[in-house]
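Chemist: One-letter residues, chain by chain:
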Amino acid sequence: MANNTKKSKWNIHNRGEILWGWIFVLPTMIGLIILNIIPIFQTIYQSFFKTGAFGRGNIFIGLDNYQKMFGQSEIWQSLLNTIVYAIIEVPLSIFIALVLAVLLNRKMKGRGVYRTIYFMPMVAAPAAVAMVWRWLYNSDFGLINQIVQRFHGTPISYISNPNTAIFWVAVVGIWSVIGYNMVLFISGLQEIPGDYYEAAAIDGASPVRQFFNITIPLISPTMFFVTVTRVIGAMQVFDVIYMMIDKSNAALPKTQSLVFLFYKYAFQQNNRGYGAAIIVLLLAIIMIITAIQNCAQKKWVTYN
Amino acid sequence: MKKINKVLAFLLATVMVMSFAACGGKGNDNSNDDGSKKSGSKKSDTITVAIWDTNQEAGIKEILADFTADTGIKTKIQVTPWDQYWTMLEAGATGGSLPDVFWMHANEISKYADSGMLLNLGDQIDADGLDLTKFPADLVTLYQNADGAQVAIPKDIDTIALWYNKTLFDEAGVSYPDETWTWDTFRDAAKKLTKDDGSVYGTVFNPKDAQQTFYNTIYDFGGYVLNEDRTTSGWDDPKTMDAMEYVAGIIEDGSMPPYTTISETDQSALFTSGKVAMLPQGSWMVTAMLDNEYTAENCDIAVMPNLNGTNISIYNGLGWAAAAESANAEDAAKVCTYLGTETAQKKQADLGVTMSAYENTSEGFINKDTSKNLQAYIDMQKDVVIYPHSKDTNVWYEMSIEKLVVAWQDPAKMPDACDAIAAQMNEDLAAE
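Chains as they are written, first to last, in this note's numbering: chain S, 1 to 304; chain G, 1001 to 1432.
Worth flagging that the hints you see were computed from the coordinates, not collected in a lab.
As the structure is a prediction and not an experimental result, all values here were calculated from the model.
Some clues are possibly wrong.
Claimed, not checked - In silico contact screen, one side only, chain S against chain G (beta carbon under 8 Å); selected entries:
{"hint": "1", "residue": "K50"}
{"hint": "2", "residue": "F54"}
{"hint": "3", "residue": "G55"}
{"hint": "4", "residue": "N58"}
{"hint": "5", "residue": "N138"}
{"hint": "6", "residue": "K254"}
Glycine residues also receive a C-beta, built at the ideal position from the N, C-alpha and C atoms.
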């Protein structure tokens, strides 16, 4: 008997907790469902249609959009551009951010100021950032080339040379994101108990050795999180390219990303169905990459 | 992981707050329209008028004040910048909450007209006795739907004229352009104005800006971009190709900046910084050019060059349209037709808002700045061809830019580019 009453009490308590749990996650869930999950399915659905204006008069065309897409070299080129961008942006932004995080995690003068400075690009509107960089990069009037010429260097065409433009665009991407990555790394670093380092120091481990044997393994969960989110972010790159590479720029075919093409077809040419197909392709690619990363994490991520 | 969760929670919270803020913003917008969510579906005594150009707001407000004095119908202007204007309009059309009266553009008209979004203004035109023959015929037909019903009233007209830098002309000892200039004179002058050290170039045409530059050349040469039925491309027409070969010639002369510069820097920025001596500019650029201190001091305007006396300007014009589902449809139609009357059109030009579409009402536009030869824009109205457009203009237009970029970098490839554009464009037109 006594056991029973205890159990039902526990149930009432438990039920209350479950209810409150739901109430707390509800706003997020509603937001996610309305703003993300439903649109995902709508987009997939739409990719099988030749869409009419204002969502009216859609004609079902089965896999035609996909057939057209896989036959277009433009799509494959821009997929390649997107991957190149990600390969440049993600590792460099993580490496630089990690170095900065380690440096700015020490006790030093003006630490807050430095952290703020590095985080600043994250606060600025991406379109504004891209506009400023576009002028910095300008081969005739840009500040960078003015400085290069001052030192008798040859001016470089940063964003109009098809072979190198994607790299210079990625530099802006890196610059914009290191602050954000850095803050995540700093929070990861602060999780690491100081005694580990003390113990290591007593055992005679050098700071470099400490970094590789204590810091890296213990910060690996943060690194995993940053890598996954950054890869997704980099695969979805759009604003920097859209703002910096003009329609008549010769480098456009070698810099336009998948999202750029999605925008071009869905919004500039009003072909929502085809745009949807492009974005479904991107979704599939991102899902595969993320799944691979999830499997690979067992090899290198150490959880305490 | 705990810290990461905190960061995540913080981020989510930020997103939530921001989305609430966005919702709040929308709520406020709606409350302006008498608190109704669909401004179009609820009768109100104020007509909302949506436009995208702040430069024109004051003038149009004044004209609408006359309208209110005449009819007692109140109006309210809503300015949305061009980039967001079409998103706003599209959302409005999809959700059934279009503004009562709004601007229409050649690129978008068929989409709205064919979906039945626009009010048929025929009855109001008859009631007011508005004579549509006073407007350029192509502009009138542009704003008709497939059944021939008038769904927008022509608002204005824009033409192209040649801006030139007097200081650079004086330095090079070249006489200023005038109506005697042929395209050959233009090419020679561009060559003479170009400095060897690359500090000044004769002119610049950007492949993405056909309307202000090479479309005019094409029609002067007797070529065309799109046939009258809008079914076949004129890009492989021999005369069109002659015109484009001529443009390729200017590039080969070295009279245009290197392509790197063209693709990185806006052409009007090149002109207003004195790097380029001549630039064809549309009349919609006048305000911006006059506002620039350098151009105001050093530059003037002339008519475009001609070929054997043929001097055609590509023109385009906006239209005043009303929402078919507007609850104030009758009043909205009255606003549109009023803005098309001779009085309103004349006032629009006199106030320096734009040149007007109504016959012989634009003279006042030259008073905007008497120190500049704005008359050139009026003179260019004599022989005009409407901006080539079809149902899905953007599809083939953007394709043509991609192909021309290649030819601009290597002018020898111009004929190939023209052929390639024609082939693809015919395919796109067939698919419309």
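Chemist: Next step is simple, just say for each hint if it's right about the structure.
Modeler: Results of checking the hints against the structure:
no., hint, in the structure
1, K50, "violated (10 Å)"
2, F54, "holds (5 Å)"
3, G55, "holds (6 Å)"
4, N58, "violated (12 Å)"
5, N138, "holds (5 Å)"
6, K254, "violated (12 Å)"
Consistency with the previously given hints fails for numbers 1, 4 and 6, ordered from lowest to highest.
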